[in-house]
Every structure is written in structure tokens, then in C-alpha cells.
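First to last, the sequence lines map onto chains Y and Z. Under the working numbering, the first residue of the first sequence carries the number 13, and numbering increases by one thereafter. Under the working numbering, the first residue of the second sequence carries the number 2, and numbering increases by one thereafter.
Incorrect hints may have been included.
Label pairs and their in silico Cβ distance ranges [unchecked claim]:
id: 1; chain 1: Y; residue 1: Asn282; chain 2: Z; residue 2: Ser151; range: 49 to 59 Å
id: 2; chain 1: Y; residue 1: Leu103; chain 2: Z; residue 2: Arg129; range: 44 to 54 Å
id: 3; chain 1: Y; residue 1: Pro138; chain 2: Z; residue 2: Gly152; range: 49 to 59 Å
Think of the hints as simulated: they come from the structure by calculation, not from any bench. Quick reminder that beta carbons are idealized off the backbone N, C-alpha and C, glycines included.
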Amino acid sequence: MGSFFDLVVGTVTQGLIYALLSLGVYITYRILDFPDLTVDGSFPLGAAVAAVLLTRGVSPYLTLIVAMAVGALAGLVTGVIHVKLGVRDLLAGIITMTGLFSINLQIAGSNLAVDRATDTIFTAAPTMALFGAMPLIYRKLVVSLILAVVFKLILDAYFSTQSGLLLRAVGDNSTLVTTLAKDKGSVKILGLVISNTLVALSGAVVCHEQRAFNSTMGTGQVVFGLATVIIGTTLFKNLGFVKGTTAVIIGSILYKACIQVAISLGLPANLLKLITAVLFLIILVLGNRRKSGVNANA
Amino acid sequence: MLELRDIVKIYNPGTITEMCLFQGFNLTVADGDFLSIVGSNGSGKTSLLNIICGSIPVEGGQVLINGEDITKMKEYRRYGRIGRVYQNPAMGSCPNLTLLENLSLADNKGRPFGLKKGINKARREYYREQLAALGLGLEDKLEVKMGALSGGQRQAAALIMATLTPIDFLILDEHTAALDPKTAETIMELTDKVIREKKLTAIMVTHNLRYAVEYGNRLIMMDKGQIVLEKAGAEKEATTVADVLHIFNEISIECGN
């Protein structure tokens, strides 16, 4: 029974770490109505930056901040390609994602492991001072929970500001933003920057957790993000008091749980992406309600 | 004052479908004017509004506001002094935001959108007053999502939103065309009231000849990119729907409609 409980804790921890990515995708897909494929590149980008900095002995907390800054830059690149160069939303993301694959390898050199002696955010002194009494598995859970909740609350607060309101407006009816004498392109770029900041943070935390960077770890992360956003928002669409950000975090945990169940039932690891794709299709069809705004995105 | 000088507008230039709409078009709208524009489909009414707002580029000529050349100014910058209400009531607001959030956005036009609270609670009473004056019961729907309101309610809110901050020009782009006759009448009366109270300069494109005749102090009819009829002041007061309809029909017969 003990191992089952550990498995649950581990799955929830995974769900919470990846929830940061889901929050990022929530901004682009749900709020901006922009299917952003940059994620498949910016997620491993965060991991690559964190891995390199960790192995060089940089403070684990600082690695997260640097990863976020670099992720923001990736979002900026996609935004500029889309808005300033007039490339379609999907293609702009694909271009950045493709370029990032090489950049990630340049940053990390190759697949990179962080050895046991190196401190991560789960083992560094300040974390130990607070949660040192717990076994590592619970410490990971608590730290991940704190990260997910803190960033959820920051996002919630941001959405209620003037800038946040304008961001929500641009996905809903970009014409209105223009008549408010605001450049809708700049608002979109801002949204992509915030989104990829969170995605790269998620990648960095995954790197801390796994103590590794893998050049292919980004594959399928967009699909994961979209699936969790759709699961979360569809499940809670009739419960007005559940905020979108909360719904997305729960969606992420549920999704990781589904995958974990499939693996526990003996599903070969090679079939994982196929199951992911099928699961995503089912979710997409069941929750078929791409949001009904005044759509002017292409 | 708004001036269009020698405007040239060519659609699809350099292609087989090239179509020259305006060839040296001129129009001056003085401060305080309420100009109605009528004309058949394709006569250039909406293109005219789009040229004023910068939604489409021009191939020649100048657009001036109070003597300042804004021909090269980006569309979103022009809206700093222009308010616009569209034909489609959905265009004037965000369906997934509440009425209060929509009004708050509109209220902040012309100022930076920073990290201050998006909704200024102190303005709530003011919004309620503005909405109550419409007589549509919108003052009790501040927390309702815009998408849940009717077309007429959304258009009324769009009108309030477009005129909430000080603007030089109000552009009305067939803004009653998508509404039922009774609601259209209500919105038209509201429009006239808002224009009078806020002393706005307005340009209204409409297919409703009666509105064009009844409201405003100037009327022009357009055909194939040219002004074919212009009435202003006392002359406009004396104009009847029958007069306008007569000319309208003559043009239509010439075109074979």
C-alpha cells in the first residue's frame, strides 16, 4: 500500500510541476486564442538552461529565474515573427520551436545529467530549512504545490489589472482593442512572453526534479498543455466560482494520473505518445467548444 | 474639423480585378456636424469610413484632422480621437468579459493599461447612471457577461463605450442595420441624444433614408465613389424621404438595379 501511496504523491507532484506549463498554454490558447507551438521548444529550453546552470554550481533558485527570462525571450521571438513579420500563428510557433531544438542542444551541449551531489530547489539549504524534516518525495510535492499556487495567484491578480483586462480583450475581440487606441499586436506579444515564461519555468523545475535535460523532452508538450487546458476548463465550465487557472492545474493533475494509470496497467512505454494523441483527440471532441469570441486570428 | 483631400482609392491595384473607387474625392466635416451618408451597396460609404479610421490604406490624397495630416498614422493611433460603432453589435465589446469590465476598458482609453486594478470601483455609480439613462435596464447587468446580452443591449453599450472618453469624432457604421425596427429606433434616438449631450462631431453611414433625413444637419448621397447629392442646414430640414428616395431610384435605374 505504501508504494501505491508514493505513486499517487509522485503523480500529483508531476501534475503540479507541469501545471506551470498548462498555465502558460491557458494564456495563449484560451485567452489569446493563439495555438502556440513554441511550447515544444521553450519547455526544454527552460530545462537546458537550468541543467547547465546547475552543473556550473549556480544557485538552484536563480536557475529558475534565468530559465524564465530565456523563456520570455522565446515567446518574444514567436510574437515578433507573428505580429511584425505577419506569419500565421501556427507557423510562427513552429519556426521558433524548430530553431529552439538546435539552440537547446547548443546550450546544453548534449543530453545532460545533474549529479546527486548538486543541490536542486528540492534539496538546497533554504528548502531544507523549511521542509527538511520531510522525506524527499513529500518535499517535492510541497515545493511543486507552492510553485503552482504562487504562479496561479500571480496570474489571477494580473488578469484583474488594466493590462490583464486588455490581454483578455485581445483574444475575445481584437477589433475592440484597436478602437481603444491600443496596438493589438503588442498585447499579443506580451501574452506570448508571459506564457512562455511559465512554460520554461515548468521545464526548469522538471529538470530539477529529474536531474536531467533531454533534447527530446519537449516533444508532445503542446499537446499535453492543450489537453490539460481543455480537460480543466470543460470539467469546470458550469462551476463559475472555479477560476480558469485552478481548473487548468486540476486538469494537469488528472491528465498525469490518466497516463500513470495506463502505465500501471502495463502499457508499453513506446505506445505512450500514441495514447496521448488518442486521449487528446477524445478530449478535443468531447469538449468541442473552441471559445466563441469574435475571432480575427489567422 | 475633418478633411479628405483628393483621396484616391484603388482596390487590387495592378491586377485584373483592379477597381478604382475614389479618384480625387474631397469631403470636409466641420466641428459639430452630424453628417449622414446614404448610398447603394458598393458606392464607397464604408470605404470612406475605413479611410478616415485608417483601416484601409489610400493610394493618394490626404486625411487631415484639425489641419494635422494623419494619412500615414496607424489605425490604432487614430482611434485615440475617434470612437466607432459597428454594424455588428458583437464588434463593439468583448463577449466573455462582463459589462462592467467592458466599460472599464473603454473608460481607460487614452491612458496606459498598467498594473492598476482593471476595475475602478469609484466609477461604478457613474456607469450605472450612464446606463440607466438608456432605459434598457442595463444598469442592473454590470456583472453579466456581454455575450449574454441582446443585440440591442450590446449596441447600446457599444455606443456608451465609444463615447465614454472625450473624442473628436464618432463614426457610426450602419450601426442600426442589424437590429429589429423597434430596437433600431431606440438606438437611433439614443445616438442622437448622446451626440447632442456630448456635442460630438458624427459621421453616420445608414441604409435607412428616414434616419438620414430626420437626424443630423448634413446629408450626402454617394454613388460610384462620388457625392451625387448634398443637403445641409435649412435645405436639409426641408428635404423629405421622398426627395431622397427619388434620386436614389434614378441612380438605381441607371445602374440597372
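(request) Tell me, in ascending order, the numbers of any earlier hints that this structure violates. (result) none
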